[in-house]
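Chemist: Quick mapping for you: the protein sequence lines, in order, are chains L and S. Count the first sequence with the numbering used here and you get residues 2 to 114, in order. Count the second sequence with the numbering used here and you get residues 12 to 124, in order.
Please keep in mind that the hints were generated in silico from the structure rather than gathered at the bench. For clarity, every value in this text was computed on a predicted model and none was experimentally measured. Be aware that one or more of the hints could be misleading.
[Unchecked claim] Using 30 Å as the maximum straight-line C-alpha spacing, the simulated DSS-like pairs for lysine-lysine come out as follows:
1) Lys106(L) / Lys22(S)
2) Lys106(L) / Lys89(S)
3) Lys106(L) / Lys69(L)
4) Lys89(S) / Lys2(L)
5) Lys43(L) / Lys109(L)
6) Lys26(S) / Lys106(L)
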Amino acid sequence: KQEVTQIPAALSVPEGENLVLNCSFTDSAIYNLQWFRQDPGKGLTSLLLIQSSQREQTSGRLNASLDKSSGRSTLYIAASQPGDSATYLCAVNYGGSQGNLIFGKGTKLSVKP
Amino acid sequence: GAGVSQTPSNKVTEKGKYVELRCDPISGHTALYWYRQSLGQGPEFLIYFQGTGAADDSGLPNDRFFAVRPEGSVSTLKIQRTERGDSAVYLCASSLAGGNTIYFGEGSWLTVV
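This is chain L alone, in the form it adopts within the complex (with noise of 0.2 Å):
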C-alpha cells in the first residue's frame, strides 16, 4: 500500500529560527510530490511542486528537496515568521491521474513570537 508519512506532528519554536520539515513515502516510483500549506479551516494552498526528474525546489524562504531512492522529501523553512504557523502537507502523485494525490497527516507548526 502506498503511504505518505510526515514527521513530526507538531512542532514550536521560536521566531527566526530555520527549520524542517519531514516526509516520506513507500514506493520510490513517484510522479511529483507536493507540499501544500492550510490554514485553520481553510483550503490548501500549493507551496512547491518537484517532479520525479528533480531534486529539489524553492521558492522564497522554501526549499523543498526530494531523495526518491531513499523515499524521503524535506521541507525546509528559513527565518520563520509567526505568518508560518499552518499546518503542512507532503502529497505524492504516483503517476495514477493527475490529481490523484497521496497525502501524509500533515506537520502542525507553531512559530512564537
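Mind docking chain S on chain L? Use the hints.
Modeler: Just chain S now, kept in the frame of chain L:
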C-alpha cells in the same frame, strides 16, 4: 470567479438523508477534483473530472457517493443515505488541463447526526 467556491460552507444533516455539495471552479479550469478530509487526517482523493467526464473515480468509497459535472464547469458531489462516518470536510479543487498547480476551495463541512 477569483477562486474555487464551495457551497454550503457548513451542512448538518440527519443520518439517512441525501446531501448535495456544490463546487464552482476557477474560470477556465478544465480539471476538477474532490477530496475528503477527516479531523487530524490528510485529504483523501475521491474523484477527478477532466471536462464533463470522470477521468478517475477510484477514490469514491462506495455507491452512495456520486459526482457530476454536466457542463464541464460546476460540479456537484451527491451523498445518499448519509452515515455518521461521512462527517468530514469535503474539499474541491481545480486546475488547468495538465496543470500541476491545484487550487483548493475552503471546503464544505458536513456533519451527520
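Chemist: For every hint, state whether the structure bears it out.
Modeler: Evaluated hints:
For the hint linking Lys106(L) to Lys22(S), the alpha-carbon distance of about 24 Å falls within 30 Å, and the restraint holds. Between Lys106(L) and Lys89(S) the CA atoms are separated by roughly 26 Å; this keeps the pair inside 30 Å, and the hint holds. For the hint pairing Lys106(L) with Lys69(L), the CA-to-CA distance comes to about 20 Å; that is within 30 Å, so the pair holds. Restraint check for Lys89(S) and Lys2(L): satisfied, since their Cα atoms lie roughly 28 Å apart, inside the 30 Å limit.
Note on Lys43(L) and Lys109(L): the hinted pairing holds, with a Cα-Cα distance of about 14 Å set against a maximum of 30 Å. Between Lys26(S) and Lys106(L), the direct Cα distance comes to roughly 27 Å. Compliance with the 30 Å bound is thereby established for this hinted pair.
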